[in-house]
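> Residue numbers (UniProt numbering), protein chains in the order written: chain R, 1 to 235; chain G, 1 to 235; chain H, 1 to 235; chain Y, 1 to 235.
Incorrect hints may have been included.
As the list claims (entries may be wrong) - Distance condition first, Cα-Cα at most 30 Å in a straight line; then the derived DSBU-like pairs of lysine-lysine:
1) H:K68 x Y:K68
2) G:K68 x G:K184
3) H:K68 x Y:K221
4) H:K184 x H:K221
5) G:K184 x G:K221
6) H:K68 x H:K184
7) R:K68 x H:K223
8) Y:K184 x Y:K223
9) H:K68 x R:K68
10) G:K221 x Y:K68
11) G:K223 x R:K223
12) R:K221 x G:K68
13) Y:K68 x G:K223
14) R:K223 x R:K184
Claimed, not checked - Each pair of labels, with its calculated beta carbon distance range:
15) R:H52 x H:H224: 23 to 31 Å
16) H:Q17 x R:R37: 42 to 50 Å
17) R:D57 x Y:G127: 44 to 52 Å
18) H:G39 x Y:E56: 33 to 41 Å
19) H:E56 x Y:E56: 54 to 62 Å
20) Y:D63 x G:D158: 40 to 48 Å
It is worth saying that the hints were derived from the structure and are not from the lab.
C-beta: ideal position from N, C-alpha, C; glycine also.
4 protein chains.
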Amino acid sequence: MTYGSPALRRAVLLANQTIPEAGLAQLTWGNVSGIDREGGFYLIKPSGVAYHDLTEDHLVPVDLATGKVLAGDLRPSVDSESHRAFYLAWPSIGGVTHTHSTNAVAFAQAGRDVPVLGTTHADTFNGPVPVTRTLTPEECATDYELNTGRVIIETIGDDEAAAAIPAALVANHGPFTWGATPQKSVEHGIILEAVAEMALKTLALNPNAATPPHLQERHFKRKHGPGAYYGNPTA
Amino acid sequence: MTYGSPALRRAVLLANQTIPEAGLAQLTWGNVSGIDREGGFYLIKPSGVAYHDLTEDHLVPVDLATGKVLAGDLRPSVDSESHRAFYLAWPSIGGVTHTHSTNAVAFAQAGRDVPVLGTTHADTFNGPVPVTRTLTPEECATDYELNTGRVIIETIGDDEAAAAIPAALVANHGPFTWGATPQKSVEHGIILEAVAEMALKTLALNPNAATPPHLQERHFKRKHGPGAYYGNPTA
Amino acid sequence: MTYGSPALRRAVLLANQTIPEAGLAQLTWGNVSGIDREGGFYLIKPSGVAYHDLTEDHLVPVDLATGKVLAGDLRPSVDSESHRAFYLAWPSIGGVTHTHSTNAVAFAQAGRDVPVLGTTHADTFNGPVPVTRTLTPEECATDYELNTGRVIIETIGDDEAAAAIPAALVANHGPFTWGATPQKSVEHGIILEAVAEMALKTLALNPNAATPPHLQERHFKRKHGPGAYYGNPTA
Amino acid sequence: MTYGSPALRRAVLLANQTIPEAGLAQLTWGNVSGIDREGGFYLIKPSGVAYHDLTEDHLVPVDLATGKVLAGDLRPSVDSESHRAFYLAWPSIGGVTHTHSTNAVAFAQAGRDVPVLGTTHADTFNGPVPVTRTLTPEECATDYELNTGRVIIETIGDDEAAAAIPAALVANHGPFTWGATPQKSVEHGIILEAVAEMALKTLALNPNAATPPHLQERHFKRKHGPGAYYGNPTA
């Protein structure tokens with residue numbers, strides 16, 4: 001049995017291929033998943049398969065309720081349980097991306113939120129992209145990947161909050177991003193890496209840099225909510 | 001009816017395609033326009049169309065006097081009103097470019113002018129590339145994009161000044177550049193990003209770096225004005 | 001006589017070609033070797049041949065016991081004696097890579113270990129990637145390349161230690177990495193460069209950044225040892 | 001009449017094309033020349049021609065003794081007089097390269113020599129790559145490009161010194177490099193940019209970094225002089 005519509009399978013494959021194309025990770029690092037809410041499962045990149053070898057047939061269907069693999073011989077990405085935690089916590093998301101992109105990792109390793117320093121950030125993230133607390137030894141010892149997902153949910157909050165800031169940094173690890181679709185989740189990974197690089201360079205030029213709240217609000221509302229007018233090709 | 005000569009349409013398309021090719025923006029960020037002064041309109045990238053899908057037929061003709069779309073179903077780039085303000089203020093310009101290039105954005109977010117630190121800068125910009133003041137809450141609330149254009153014009157000055165320094169940084173936002181043609185405007189965006197990166201690295205090595213005024217003047221005059229002798233293939 | 005199995009020859013060629021593809025060195029810098037333990041020799045990149053000209057026929061077979069070239073007119077990479085020292089000291093390794101990748105060289109030149117700042121590092125290197133002591137004038141004057149290998153072995157320790165941290169930085173020089181195969185050795189070079197860049201940026205954001213030991217241990221054990229569960233495509 | 005042998009014409013074209021391929025300059029910036037010592041002329045890139053349009057027929061022959069163009073309608077690069085000064089001062093060089101590569105420019109703008117921090121530098125440059133003094137207002141006003149060449153020669157010294165350190169940084173401008181052939185001169189430009197980036201990052205990690213003199217000497221002698229043994233494919 002083949003899990004997932006042709007559209008979902010293609011979307012998950014393309015979003016995974018975007019990771020190396022956009023320079024968000026080396027080697028086999030990183031992974032994207034996409035969910036079929038009606039079917040109660042998600043498709044995720046398998047563990048240890050090179051991106052240039054990846055096909056739709058490699059995608060691993062995972063049961064949303066149990067985390068069990070539904071078909072095939074391949075193991076899901078080691079981060080599968082983190083993805084599952086997000087899908088369970090936030091009903092409106094449709095895709096999840098994990099990368100090791102350089103500048104986002106630098107903030108995660110430094111234990112610093114990516115601050116809102118300008119409109120590039122505010123167009124997508126309605127506040128700082130937060131870094132989680134450090135996992136305890138106990139959280140590392142058992143159900144580590146599930147606990148990684150839980151600490152992000154603890155940091156971000158509910159479904160509405162996850163839509164307002166669709167990204168988080170796991171302390172001493174790296175970024176997770178999500179969105180309405182697999183492609184949106186990986187686009188948020190691209191944007192997070194771009195704004196993290198901008199922020200790192202901005203702070204080198206001015207350690208006290210900040211954005212006025214009214215400018216931040218204006219830009220987020222240009223793209224989100226009832227008055228949004230940014231990025232729609234047709235009026 | 002098709003707006004714009006084949007040459008103008010091709011120039012605006014190519015200049016837009018230069019944005020991703022030169023690494024000046026991610027995803028659909030950024031936009032270039034070019035003007036038909038006799039016709040009283042400019043052509044600009046539509047909102048939310050991916051660069052690799054963009055064709056001449058997508059370019060949106062906008063009335064210079066009113067800002068209204070003259071034909072087609074597509075919406076112009078959200079920054080259209082900023083472009084329009086420049087065309088009205090500066091009669092000698094023929095093209096406008098907006099990007100979110102990393103190093104220029106870093107200076108914009110840091111609230112610092114890009115200083116004149118060497119001849120790479122002075123060949124094109126006859127002084128620091130200035131950062132605007134922050135827009136007020138009122139300027140953000142109503143006619144935000146038009147006010148973005150206005151604050152740049154307030155910062156740069158008249159048509160002559162716009163030719164001497166064909167670039168500005170909007171505070172906590174990013175760069176706008178302009179030139180005699182669409183291609184020149186995007187080339188100024190490439191140069192601004194290059195000199196911003198050089199400046200950031202120079203300041204890391206020497207926070208007090210500066211260029212002697214006589215060297216700055218020499219380089220600008222090599223390329224501009226009656227005694228210019230740089231870059232002309234034929235004598 | 002042709003030295004090396006077709007598989008080994010192909011592996012050494014591909015691993016060498018990975019150096020320029022992954023941006024780990026300029027021009028002809030860098031080299032990879034792979035060993036035939038039964039045959040008692042290793043194949044290494046010749047000195048001064050451009051990567052895009054390199055074929056399997058250029059690979060130089062070197063006697064493990066004596067360091068003598070076994071066939072052909074080409075000279076082995078100038079670093080051949082360093083490679084030989086590693087193969088003699090560490091029986092479980094199958095490939096060695098030397099590059100001049102920018103960020104790893106920066107740490108080597110700064111005389112600083114690459115610290116463990118996050119999971120990207122801990123997944124591969126079970127502790128800081130150490131920088132060697134400076135070679136003495138005597139070690140530079142005679143058998144310089146052999147002494148370069150020796151000072152790395154002195155820094156790393158025995159075969160088990162070489163498996164736990166498969167990389168070192170020669171002071172004021174650059175990185176050497178190794179692994180079970182030529183491809184693994186160059187992958188460790190890619191990872192070292194990535195984590196060195198992340199570390200440099202992390203330290204710019206937070207000079208006191210560090211990783212909790214329990215997180216470091218968890219990640220290394222995900223990929224190594226009897227409980228490893230990371231990166232295996234099949235369960 | 002066609003100036004230059006087919007080999008020289010091809011070498012100068014390929015070396016110029018290496019500038020954009022190696023990322024050493026934007027747009028039409030930068031230039032390479034190569035000399036025919038017997039013919040008493042050099043071939044140089046024309047001013048203002050895009051690299052992707054450049055052919056051998058565009059190369060401009062310039063008289064070594066007078067600086068006059070010997071044939072064709074194209075003007076030589078604006079930096080031609082700097083190249084000519086080097087050819088007159090240093091009889092053993094065969095090619096000259098000028099770029100605006102980012103990290104080398106950063107050192108030039110900061111007014112700092114590129115220090116010898118490791119073997120990557122010492123393999124090619126037998127000491128710091130020096131930055132010139134600032135040109136006086138008089139030197140900028142008349143014969144500016146010739147004076148740019150002269151101040152480099154004043155900084156570097158005689159033919160032997162130019163072979164030992166085949167590069168210099170013009171203060172607040174950028175790098176010039178030279179070598180036995182056009183290709184060698186552009187390779188020195190690639191190496192200078194690489195070691196400048198390494199140096200900038202090294203100094204960020206350790207402002208007091210330095211290389212022991214005996215290591216520096218060892219590496220330069222591996223590649224230069226009677227005992228050289230690096231980079232020769234055949235023994």
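> Holds or violated: the 44 to 52 Å window for the beta-carbon distance between R:D57 and Y:G127?
This hint is violated: roughly 59 Å between Cβ atoms.
> Could you see if the CB distance from Y:D63 to G:D158 stays within 40 to 48 Å?
At 45 Å between Cβs, range holds.
> Check the following: the C-beta atoms of H:E56 and Y:E56 are separated by a distance inside 54 to 62 Å.
violated, 35 Å
> Just tell me: holds or violated, for the beta carbon distance of H:G39 and Y:E56 against 33 to 41 Å?
violated, 49 Å
> Run the distance test for H:K68 versus R:K68: straight-line Cα separation, threshold 30 Å.
violated, 56 Å
> Holds or violated: G:K68 with G:K184, Cα cutoff 30 Å?
holds, 25 Å
> Hey, G:K184 versus G:K221, does the alpha-carbon distance stay inside 30 Å?
Distance of about 18 Å is within 30 Å: holds.
> Given the hinted pair H:K68 and Y:K221, is their alpha-carbon gap at most 30 Å?
holds, 23 Å
> If you draw a straight line from the CA of R:K223 to the CA of R:K184, is it 30 Å or shorter?
Holds: R:K223 and R:K184 sit about 14 Å apart, inside 30 Å.
> Could you grab the alpha-carbon distance between G:K221 and Y:K68 and see if it respects the 30 Å cut-off?
The given pair, whose Cα atoms are some 23 Å apart, holds under the 30 Å limit.
> Do the alpha carbons of H:K68 and Y:K68 lie within 30 Å of each other, as the hint requires?
violated, 56 Å
> Check whether the Cα positions of Y:K68 and G:K223 lie no farther apart than 30 Å.
holds, 21 Å
Of the numbered hints stated above, those contradicted by the structure are hints 1, 9, 11, 17, 18, 19, listed in ascending order.
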